[in-house]
Amino acid sequence: MTESIAFYAIFFAAIFTNNILLTNYLGMCSFLAVSREVSTSVGLGSAVIFVMTTTSMLNWLAYEYILLPLGLVYLRYIVFIVIIAAFVQLVEMIIERISDKLYASLGIFLPLITVNCAILGVSLFMIIRDYSFVNSLFYGLGSGIGWTVAIIAMAGIRQKMKRSRVPRGLAGAGITLIIAGMMALAFMGFSGMIKIT
Amino acid sequence: MPAFKLKKVFADDLGANNPIFAQVLGICSTLAVTNVLKNTVVMCVGLIFVTALSNMTVSLLRKYMPSRVRMMVETLIIASYVIIVDIVLKAFLPDISRQLGPYVGLIITNCIIMGRAEAFALSNPPGLSFMDGIASGIGYSYVLLAIAVVRELMGSGSLWGYPVLGDWWTNWSIMVMAPGAFFMLAIFIWVVKGIINKEEEEST
Chain A
12 MTESIAFYAI FFAAIFTNNI LLTNYLGMCS FLAVSREVST SVGLGSAVIF
62 VMTTTSMLNW LAYEYILLPL GLVYLRYIVF IVIIAAFVQL VEMIIERISD
112 KLYASLGIFL PLITVNCAIL GVSLFMIIRD YSFVNSLFYG LGSGIGWTVA
162 IIAMAGIRQK MKRSRVPRGL AGAGITLIIA GMMALAFMGF SGMIKIT
Chain L
1257 MPAFKLKKVF ADDLGANNPI FAQVLGICST LAVTNVLKNT VVMCVGLIFV
1307 TALSNMTVSL LRKYMPSRVR MMVETLIIAS YVIIVDIVLK AFLPDISRQL
1357 GPYVGLIITN CIIMGRAEAF ALSNPPGLSF MDGIASGIGY SYVLLAIAVV
1407 RELMGSGSLW GYPVLGDWWT NWSIMVMAPG AFFMLAIFIW VVKGIINKEE
1457 EEST
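Protein sequences, first through last, are from chains A and L.
In this text, residue positions in the first sequence follow my numbering: the first is 12, and each later residue adds one.
In this text, residue positions in the second sequence follow my numbering: the first is 1257, and each later residue adds one.
To be clear, the hints were calculated from the coordinates, so they are not data collected in a lab.
Ideal Cβ positions, reconstructed from N, Cα and C, are used throughout, including at glycine.
Mixed in with the good hints there might be a few duds.
What the hints assert, rightly or not - Here are a few chain L residues that face chain A, going by a calculated C-beta distance under 7 Å: (1) V1329; (2) T1331; (3) A1335; (4) N1380; (5) G1383; (6) L1441.
To be verified - To give an idea of the chain A side of the interface with chain L (calculated C-beta under 7 Å), a few residues: (7) M39; (8) L72; (9) Y88; (10) V90; (11) I92; (12) I94; (13) G132; (14) G180; (15) G192; (16) A195; (17) L196.
Based on the sequences and whatever the hints tell you, model everything.
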């Protein structure tokens, strides 16, 4: 357990220097598919922040108190994915009951999230890096915010880009990847600030 | 298994319907390992294994799965095969397993595997589904291998860990980092789409 890394360092590193999308390529599928409008990106982003934070906590608890004592560490992929899927399902049902408005804005994104690699990726990274509970919580929160920042920025650029002339072969996915590459370059500028491994 | 169907499966998955060019699916987990050729090969073999076998299993079970829990069952099948890959890697290739880190586990959420199970395995017999899994796995792999070759060559001046380019070459360190992968994939898609567009124009 590395208590020496302060949780706020992990938090900021997860947003800027180790952005889960731009340095670890996680969550690219929904990133490419949904980043056309700023408003939908905000919706998906907030759903991701919420689910990522809570599932990283749940998965940490499950790993530390169920899998480790029983020696079932090799089952972690199955356990994590089931927890994530069950949790997303549960949240969807609760939101549907409580508020129609929230369901309309957030609910449609929830099924997408189960297959978002970033959610599972955060849980796997925190296990590999031996984070404590608090660190995992902030790592999940920070990664969620980092992902949201990236997708909103991308949606803004893509909205502006509708008027520009893109070479035919590049239109769609190609140009989006190039912009993602440029954003990754820009985010590399942060990398001197905080170092975590 | 009718031969023409098999041929069509391969032609589709390797060519025009290639998951990477057609939908840009499933690049998440695997793009990350393309900075070194060796890791990419290991990852691709694992991916082909998982896609083929999970496709076959889903197809075998397709008549018994209630459609409401279908997605969950598919995910669990995929996760089981990924665990096998993970354990085998840990046992026989511990170094590479450490370098790949969480990305082996992330094969589970690779959209391609799920996509093939949904789109193909649910409506086709096991044998054909197995071959479709292999074909789409290969279609996916050759793109990544091409990217890995370029990235390792330019980024570290070597191939498969052996120095190739010699002293005169200055390493483009950007190529082994994240932006390099984005740019390479974009260029690759550009070239392939350009060829496809040109063929369409000529045929019309």
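- Message: For the restraint on A/V90, tell me whether the closest CB of chain L is nearer than 7 Å.
- Response: Violated: closest Cβ of chain L sits about 9 Å from A/V90, beyond 7 Å.
- Message: Interface hint check: A/G192, Cβ to nearest Cβ on chain L, cutoff 7 Å. Holds or violated?
- Response: This interface hint holds because 3 Å falls under the 7 Å limit.
- Message: Hint validation: L/T1331 versus chain A, beta carbon distance must be below 7 Å. Holds or violated?
- Response: Holds. Min distance 6 Å.
- Query: Does A/M39 pass the interface hint, meaning its C-beta sits closer than 7 Å to a C-beta of chain L?
  - Reply: Cβ of A/M39 sits 4 Å from chain L, so the hint holds.
- How about L/N1380: closest beta carbon in chain A under 7 Å, or not? At 22 Å from the nearest chain A Cβ, L/N1380 fails the 7 Å test, so the hint is violated.
- Message: So, as I understand it, the hint says A/I94 touches chain L; can you test that by seeing if any CB pair is closer than 7 Å?
- Response: violated (12 Å)
- Task: With a cut-off of 7 Å on the beta carbons, see whether L/V1329 makes it to chain A.
- Result: Status violated, d = 11 Å.
- Hinted contact A/Y88 with chain L - closest CB pair below 7 Å: holds (5 Å)
- Query: Given L/L1441 as an interface hint, is the shortest Cβ-Cβ distance to chain A below 7 Å?
  - Reply: For L/L1441, the interface hint holds, since the closest Cβ of chain A sits about 5 Å away, which is under 7 Å.
- Message: Is the interface hint satisfied for A/A195? The criterion is a beta-carbon contact with chain L at less than 7 Å.
- Response: Holds, because the Cβ-Cβ distance from A/A195 to chain L comes to roughly 4 Å (cut-off 7 Å).
- Query: Does L/G1383 pass the interface check with chain A, least Cβ-Cβ distance below 7 Å?
  - Reply: L/G1383 check fails; min Cβ-Cβ to chain A is 27 Å, beyond 7 Å.
- Given hint A/L196 near chain L, where the shortest CB pair must fall under 7 Å: Cβ of A/L196 sits 5 Å from chain L, so the hint holds.
In summary, the structure is inconsistent with hints 1, 4, 5, 8, 10 and 12 from the numbered list given earlier, while agreeing with the others.
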